[in-house]
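Given next are the chains, with one letter for each unit.
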Amino acid sequence: MKPAPFKYLSPKSLEQALEMVRDEGPDAKLLAGGQSLIPAMNFRLLQPSALIDLNQIPSLSYIRPDGKGGLRIGAMTRQSSVEHDLLVREVSPLLHQTMPRIAHRQIRNRGTMGGSLVHADPAAELPVVATALRCQFKLRSLEGERWVAAQDFFVGMFTTVTGPNEILEEIAIEPTPPRTGWAFLEVARRSGDYAMAGVAAMLSLDADGRMSDARLVYLNVGDGPVETPEAVARLIGLPPEDETFAEAARIASETEIMPFGNIHATPEYQRHLAEVLTRRALAQAAERAQV
Amino acid sequence: MTDQQRVTLTVNGTQRSADVDPRTLLSDFLRHELGLTGTHVGCEHGVCGACTVMFDGQAVRSCLMLAVQAEAHHIETVEGLAQGETDLHPLQQAFWETHGLQCGFCTAGIMMTMIPFLRDNPDPGEHEIREALSGNLCRCTGYQHIVEAVQLAATRLATAK
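Protein sequences appear in the order of chains A and B.
For the record, in the first sequence the residue sitting at position 137 is 147 according to our numbering, with numbers rising by one throughout.
For the record, in the second sequence the residue sitting at position 35 is 383 according to our numbering, with numbers rising by one throughout.
Just so you know, not all the hints are guaranteed correct.
Unchecked claim - Straight-line alpha carbon distances no greater than 25 angstroms define the calculated DMTMM-like cross-link-like pairs of lysine to aspartate or glutamate that follow: (1) A:K12 / B:E419; (2) A:K22 / B:D351; (3) A:K148 / A:E93; (4) B:K509 / B:E419; (5) A:K12 / B:E381; (6) A:K12 / B:E445.
Hints in this document: simulated from the structure, not taken from any laboratory.
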């Protein structure tokens, strides 16, 4: 299949892109890496009236320190650039280790950080990791800018709070706090396929070695990144032990996630995967927190 | 219909131009406008890897890009590998010798994936090779001979340096 006809626009600045977004109206689409949009257009699932291609705006592609131990990533930064960046590895090992799990090398060479976040596929890794890291997203419009926290950004299947006249410009990532461990685990039928289930875990220990903060965020078991506050509450204040992890994993997988099932996995199997992955992810995160 | 747009790009070291609809995929542009039919088109949604080409030195799916996006960029396709009819690229030679292909439909995409892979990983282990091949589907070989071909090519490319 081939895409239906559309008007192609290639702005040279973010300002120009925002003007085009305003002028072209709601049937236009922004083109970032195109690794989800172009297939959807090839299948004619989407027939946008215009494509506003952000690839000619070099100022949207960067990875730089924020001066406070964290980092800023431009929305059009390629996923393979994030994957191989030494600053990302140092500041956000969770993000660094997750990058190679996204699709295949050929896709990451083209796919962008911001494109994946705004696409908000419930099976995608980046929305889940960004939520676990409590990233902040800078949304730009002709009127100005606003910052939205990742946990408020994803509102449903392929849906974010990004307004019709806004463009995601930048992602801010805080440094990993001390005595904090992390893990990302997923299971797919084949390497590079969409995972049947996956989890990002962050776990902080206090001076006594008890769990003081935790986050569990799941992929492909709901209509977006799924958090499990009851499972997390079960951890806080306790020492990091296998029985506690197992209890949290049981709560999360049995009562808090909402897997739909698909041709690769039944909902029961997705719950099983989530339970096993949660136990493993918490154990890994606890080990890393103690270093 | 939308207006045609002039695209000028470098393919295998030669500058080429053509007028295209903006909706023309890079894969179709290479095949239909430039006659470079060595790049194959399989699934057209980024799963099979048959259409992989090098875009500014990196492997990408040419079915997931528009031709107009390649304006002023450098593309390399399988046609650019061999120096002549009998003078194959070491990777092609290795595929020939180890029987790394049967029907050949996936081969061009695998070549264009493995060339930047071997450039960045000159001494890969078997697991790394299989991981790097994971975005290219082959329905004939079971991959075993492809892995052998890549290993052989890696050894020869290392010795040639």
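Hint by hint, here is what the structure shows:
no.	hint	result
1	A:K12 / B:E419	holds (20 angstroms)
2	A:K22 / B:D351	holds (20 angstroms)
3	A:K148 / A:E93	holds (21 angstroms)
4	B:K509 / B:E419	violated (33 angstroms)
5	A:K12 / B:E381	holds (16 angstroms)
6	A:K12 / B:E445	violated (37 angstroms)
Consistency note: the structure conflicts with the earlier hints numbered 4, 6.
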